Amino acid sequence: MELFFKYLQYEKRYSPHTLTSYHTDLGQFADYLQQVYQITDAAEADHTIIRSWILTLVQQNIKPRSINRKIACLRSYYKFLMAQERIKVNPMLRIKAPKATKKLPAFVQEEPFNNLLDSFTFEDTFEGQRDRLILEFLYGTGIRLAELINIEPSDIELRAKTVRVLGKGNKERIVPLNDSLLLALDAYQNEKIRLFGDNNSVKLLVTNKARPLYPKFVYRVVKKYISLITTSEHSSPHVLRHSFATHLLNKGADLNAIKDLLGHASLAATQVYTHNSIEQLKSIFEKAHPKA
Numbered sequence: 001m002e003l004f005f006k007y008l009q010y011e012k013r014y015s016p017h018t019l020t021s022y023h024t025d026l027g028q029f030a031d032y033l034q035q036v037y038q039i040t041d042a043a044e045a046d047h048t049i050i051r052s053w054i055l056t057l058v059q060q061n062i063k064p065r066s067i068n069r070k071i072a073c074l075r076s077y078y079k080f081l082m083a084q085e086r087i088k089v090n091p092m093l094r095i096k097a098p099k100a101t102k103k104l105p106a107f108v109q110e111e112p113f114n115n116l117l118d119s120f121t122f123e124d125t126f127e128g129q130r131d132r133l134i135l136e137f138l139y140g141t142g143i144r145l146a147e148l149i150n151i152e153p154s155d156i157e158l159r160a161k162t163v164r165v166l167g168k169g170n171k172e173r174i175v176p177l178n179d180s181l182l183l184a185l186d187a188y189q190n191e192k193i194r195l196f197g198d199n200n201s202v203k204l205l206v207t208n209k210a211r212p213l214y215p216k217f218v219y220r221v222v223k224k225y226i227s228l229i230t231t232s233e234h235s236s237p238h239v240l241r242h243s244f245a246t247h248l249l250n251k252g253a254d255l256n257a258i259k260d261l262l263g264h265a266s267l268a269a270t271q272v273y274t275h276n277s278i279e280q281l282k283s284i285f286e287k288a289h290p291k292a
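The sequence shown begins at 1 in full-length UniProt numbering and counts up one residue at a time.
The hints are simulated quantities; they were obtained by calculation from the structure and are not laboratory data.
Just so you know, these numbers come straight off a predicted model, no measurement behind them.
Among these hints, one or two may not hold up.
[Unchecked claim] Cβ-Cβ distance ranges computed for the label pairs, FRET-style: (1) L93 - V58: 17 to 23 Å; (2) N68 - N114: 21 to 27 Å; (3) N256 - I193: 25 to 31 Å; (4) E2 - E123: 44 to 50 Å; (5) T20 - D254: 33 to 39 Å; (6) A97 - Y214: 30 to 36 Å; (7) Q35 - P215: 29 to 35 Å.
Virtual Cβ for every residue (Gly too), placed ideally from N, Cα, C.
Starting from the given sequences, assemble the full structure and let the hints guide the process.
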C-alpha cells in the first residue's frame, strides 16, 4: 500500500486532500478484510468480498458520493496491483458504483456578498487585512483552498495584474486579479511588512506567527463572514469558488473561459453551474413575463 501511495503522490501527482481520503478509504477496507474475512493482504480479495464491503457501507447509510470515492480508490489500487503483477484478475471490473444524486453547487447571493466586501469595515490590523484578502482572493479568482494557501509572493505579477496558480496534478494556470483584490493585497502586504519586516515569507498568506495558513484557519475565516449575510449552512471556501463561477455565468461569461479560470480538466465539470444559472432565469421569467 505504501508503494501505491508513493505512486499516486509522485507519479500521478494527486492532491494532498485526495491522498488523505484514499489513505482513510484503503485503511477502512483493510480493517474490514481483517475483521470479517481474516485477510491481511488486499490482493487476496475477490469481487464478492469487495461487494460485501460496499453493501456494508450502504447499510451504514454512508452517502453514495462517499461510497463512490471509496470505489474509485479501490479501482486505482487494483489497477496498480495489476501493473505490479501482484494479481492476475482485476476484481474491480465486476464492481458497479451506486448512482449518486447530483446536487447543485451552493453559492452566496451576489449583492449581499459584494456589499460585505465593499461596505464592511475590516480592522486596520494584520488580522483584519488578511481576512479581507482571503475573501477577495477566493471570490475574485475562484481558486481552490489548497491553491490559495500555496500562493507565494513571487507568483503575483502586479504589472500584469495576474497570479500564477498551481492546481490539481501540478497544472499551472494564470488567473487575472481585479482592482479590489489588488487594493486588499497592498493593504495586507503593508501590515505584513510592519509586523514581520521586509523579509518575504515562503507563502503569501501567513498566521500571526508568520507560518503558512492551513485549511481549518481559512474555513473559520470564511464561515465568520458568510454567516453575517446568510443563515445557510453552506459557508466553506469552496462556496466562494461556486459563487465566482455562478456569478460570472449569470453575467454572460463564456463557459469555456470559466472552465479555464477554474482550472477544470473538462467542460463537463464546469457545466454544473449552468443549472444554477437556469434557475435564476426561471425566477426572472416568473417575475417579469406577463404570462408567467
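Hints that the structure is at odds with (numbers, increasing): Hints 2, 3 contradicted; others consistent.
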